[in-house]
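Chains A and B, in that order, give the protein sequences. Each residue of the first sequence is one higher than the one before, starting from 21 at the first, in the numbering used here. Each residue of the second sequence is one higher than the one before, starting from 21 at the first, in the numbering used here.
Derived from the structure by calculation, the hints contain no laboratory data. All figures in this text were calculated on a predicted structure; none of them were measured in a lab. Treat the hints with care, as some may be off.
No copy is singled out in the list; a pair is fine if it fits within one copy or between any two copies.
As the list claims (entries may be wrong) - Result set (DSS-like, lysine-lysine): computed pairs, CA atoms no more than 25 angstroms apart in a straight line:
no., residue 1, residue 2
1, K87, K302
2, K201, K112
3, K112, K87
4, K205, K223
5, K192, K302
6, K27, K148
7, K88, K133
2 protein chains.
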Amino acid sequence: MVEITEKVELIKFDEEKYLKEGESIYTQRSEVEAVVDKIAKEGYSNIFLLGIGGTEFEFAQFEYLVKKNSTVEIYSINAADANTQRPRELNKDSLVITASASGNTVEIVEAAKWIVEEGIRVVAFTKKSGPLGKVAQNVIEANVTTGQCEYSYVLQSFLIYGLLNKRGEFDKYEKFADQIKGTFKNLLEIRKAFEPRADTIAKSIYDAPYTIFTGSGSLWGETLLFTMCILEEMQWVRTRPVTSSQFFHGTLELIEPGVPVFIIKGEDEFRKQDTRVEEFCKKINAEYYVLDTQEFAFDGIDPEFRELIVPWIVTSLLTERLAAHYEVYTKHNLQYRRYYRQFEY
Amino acid sequence: MVEITEKVELIKFDEEKYLKEGESIYTQRSEVEAVVDKIAKEGYSNIFLLGIGGTEFEFAQFEYLVKKNSTVEIYSINAADANTQRPRELNKDSLVITASASGNTVEIVEAAKWIVEEGIRVVAFTKKSGPLGKVAQNVIEANVTTGQCEYSYVLQSFLIYGLLNKRGEFDKYEKFADQIKGTFKNLLEIRKAFEPRADTIAKSIYDAPYTIFTGSGSLWGETLLFTMCILEEMQWVRTRPVTSSQFFHGTLELIEPGVPVFIIKGEDEFRKQDTRVEEFCKKINAEYYVLDTQEFAFDGIDPEFRELIVPWIVTSLLTERLAAHYEVYTKHNLQYRRYYRQFEY
Numbered sequence: 021m022v023e024i025t026e027k028v029e030l031i032k033f034d035e036e037k038y039l040k041e042g043e044s045i046y047t048q049r050s051e052v053e054a055v056v057d058k059i060a061k062e063g064y065s066n067i068f069l070l071g072i073g074g075t076e077f078e079f080a081q082f083e084y085l086v087k088k089n090s091t092v093e094i095y096s097i098n099a100a101d102a103n104t105q106r107p108r109e110l111n112k113d114s115l116v117i118t119a120s121a122s123g124n125t126v127e128i129v130e131a132a133k134w135i136v137e138e139g140i141r142v143v144a145f146t147k148k149s150g151p152l153g154k155v156a157q158n159v160i161e162a163n164v165t166t167g168q169c170e171y172s173y174v175l176q177s178f179l180i181y182g183l184l185n186k187r188g189e190f191d192k193y194e195k196f197a198d199q200i201k202g203t204f205k206n207l208l209e210i211r212k213a214f215e216p217r218a219d220t221i222a223k224s225i226y227d228a229p230y231t232i233f234t235g236s237g238s239l240w241g242e243t244l245l246f247t248m249c250i251l252e253e254m255q256w257v258r259t260r261p262v263t264s265s266q267f268f269h270g271t272l273e274l275i276e277p278g279v280p281v282f283i284i285k286g287e288d289e290f291r292k293q294d295t296r297v298e299e300f301c302k303k304i305n306a307e308y309y310v311l312d313t314q315e316f317a318f319d320g321i322d323p324e325f326r327e328l329i330v331p332w333i334v335t336s337l338l339t340e341r342l343a344a345h346y347e348v349y350t351k352h353n354l355q356y357r358r359y360y361r362q363f364e365y
Numbered sequence: 021m022v023e024i025t026e027k028v029e030l031i032k033f034d035e036e037k038y039l040k041e042g043e044s045i046y047t048q049r050s051e052v053e054a055v056v057d058k059i060a061k062e063g064y065s066n067i068f069l070l071g072i073g074g075t076e077f078e079f080a081q082f083e084y085l086v087k088k089n090s091t092v093e094i095y096s097i098n099a100a101d102a103n104t105q106r107p108r109e110l111n112k113d114s115l116v117i118t119a120s121a122s123g124n125t126v127e128i129v130e131a132a133k134w135i136v137e138e139g140i141r142v143v144a145f146t147k148k149s150g151p152l153g154k155v156a157q158n159v160i161e162a163n164v165t166t167g168q169c170e171y172s173y174v175l176q177s178f179l180i181y182g183l184l185n186k187r188g189e190f191d192k193y194e195k196f197a198d199q200i201k202g203t204f205k206n207l208l209e210i211r212k213a214f215e216p217r218a219d220t221i222a223k224s225i226y227d228a229p230y231t232i233f234t235g236s237g238s239l240w241g242e243t244l245l246f247t248m249c250i251l252e253e254m255q256w257v258r259t260r261p262v263t264s265s266q267f268f269h270g271t272l273e274l275i276e277p278g279v280p281v282f283i284i285k286g287e288d289e290f291r292k293q294d295t296r297v298e299e300f301c302k303k304i305n306a307e308y309y310v311l312d313t314q315e316f317a318f319d320g321i322d323p324e325f326r327e328l329i330v331p332w333i334v335t336s337l338l339t340e341r342l343a344a345h346y347e348v349y350t351k352h353n354l355q356y357r358r359y360y361r362q363f364e365y
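Whole structure, please, built from the sequences with the hints as guidance.
Okay, structure coming up:
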């Protein structure tokens, strides 16, 4: 298998640039840690992860993992919902973490404006020169020209897990932060290991009239990220994302010949829920596909840190790789939209 | 319109029985209020609404409305997820409210067992003689033979809003509880007003290959209840439930001729999000349908109580009425399942 992997050439992917930009991202560690020092010194009562669409789904892993490993109150909130109903737990001592690659996501910019006006701190992962960057008091701009999700994840993990360290809840942060230097090399190799399968899967299901996607725990956000931001928005493919537990209360009845089920299988305590979906699909002889993160080795990190990078594996394999292979078969340009951001609404 | 309404005969509906069972439900007010007195006297640190599938979606209105109108910490939790990851906020002083019409929903029975073993109070709306009824310390069994959601809602509102009253957060509870005596007569008349439209809508979209449903705020639970429990489980209709805010971050791109959008439009602060979906659909000339709860009068209650009964209007019109009309056209028996509860999984 190793031999095959080494020879694999990824379609639509610039390996050299990927690694080079990854290196550049890693050099920003000290910049992010300076923000950690500042925030930790000031103190904060709770943390809000403010996103919408892709950023909301990307933050979900941190919400899950922080809730699991820390006593801090952390909330993931959709920016439109925050604008509609200002969360009662959001107060002057809160810390708001947000992100927008474009810097002009309307709901987030609107939210950041009133949040900053109320004197609440915002750390934004965005362009310094964009609308969001001009509003937030703390801005971290990624030194890259390409938008791989894992670039954001590495930067955000310096911030979020760095804050847990300062709370005395993640003593091994330094080791973790040292070890994730190898993230991009690992994720490149993992991509190669998955590449032939990405082709096979995309070829099999790209034209299904309706595809069910299940996920859970730290990977529920990734499930939404792939199904909504890639398949719905960028591929116009009809999908039904559903949690592994809710799948059994409605969606299961939709399975029939021609309706594939794609199971995203993680490694946390929710794995048994994913396995239940898998065993059910096997039992009824459904057409199903499993992406089991356990299949993929991530070298150079201690086993205890693995749960923190599992979502990064999924984002590399689905939101990046499988997306590219869908595009091959659908011939639907990933950049083309008919409605989203095409006019005022 | 009144004249037409009065003459309408509801299909597949026994009006007399509906009203009679409604009267029976209302007589249980004092029984539920005795539980309220007991729990309030004992005190509690927070409230968990424990459900799965239908019960989870039915409880969502209470989570939303309690969060809005009370300072008590309230959590809505999926029973399978609770079993997988016991919530850290759940402790000996917590109050758990759950429900299961059958009394044998496996995930809920499993959860109730360990929760009771840990010495935590459970109030269950279920049969006294069923597995859940035998586990919970407090059981409220509805005195009815038919399972209209609003029967549960009235009983649950005596409990939940009764508890808010004891906290000094709902002084007008007595008046509210008096006034909702007219719930069933109101919901019968509202059904009649909607009946011709239920037929028209079902006829138009029952065979769509894929239908998008949006909802928000106090009606997001009802959106899931109708799409998952009725359309997916009982009608095998491919649906895509999505919140009015998330709709704009992926799902909107799926709209094309033949893909209807069904907009559930409520009356709370999220209404503007629903309206945004409606205006978008109008702008792009989509095939869309709006169920606007504001259209329906509910007599005999003070305006300030209306937000509490808006979800009950939706459940009557969609989960009960529109379901019956879908069945007419799909010819798919609402009682038939191929997988759900048909074998071990």
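Hints versus structure:
1. Taking CA atoms no more than 25 angstroms apart as the test, K87 paired with K302 passes in neither setting, with 33 angstroms inside one copy and 41 angstroms between copies.
2. For the homomeric pair K201 and K112, neither the shortest alpha-carbon distance inside one copy (35 angstroms) nor that between copies (44 angstroms) is at most 25 angstroms.
3. Taking identical chains as interchangeable, the C-alpha atoms of K112 and K87 lie at most 25 angstroms apart whether they share a chain (22 angstroms) or sit on different chains (20 angstroms).
4. For the homomeric pair K205 and K223, neither the shortest alpha-carbon distance inside one copy (27 angstroms) nor that between copies (55 angstroms) is at most 25 angstroms.
5. In this assembly of identical chains, K192 and K302 lie within 25 angstroms of each other by CA distance neither inside one copy nor across copies; the values are 41 angstroms within and 54 angstroms between.
6. Taking CA atoms no more than 25 angstroms apart as the test, K27 paired with K148 passes in neither setting, with 40 angstroms inside one copy and 65 angstroms between copies.
7. Within a single copy, K88 and K133 get their C-alpha atoms only as close as 31 angstroms, which misses the 25 angstroms cut-off; across copies the closest is 23 angstroms, which meets it.
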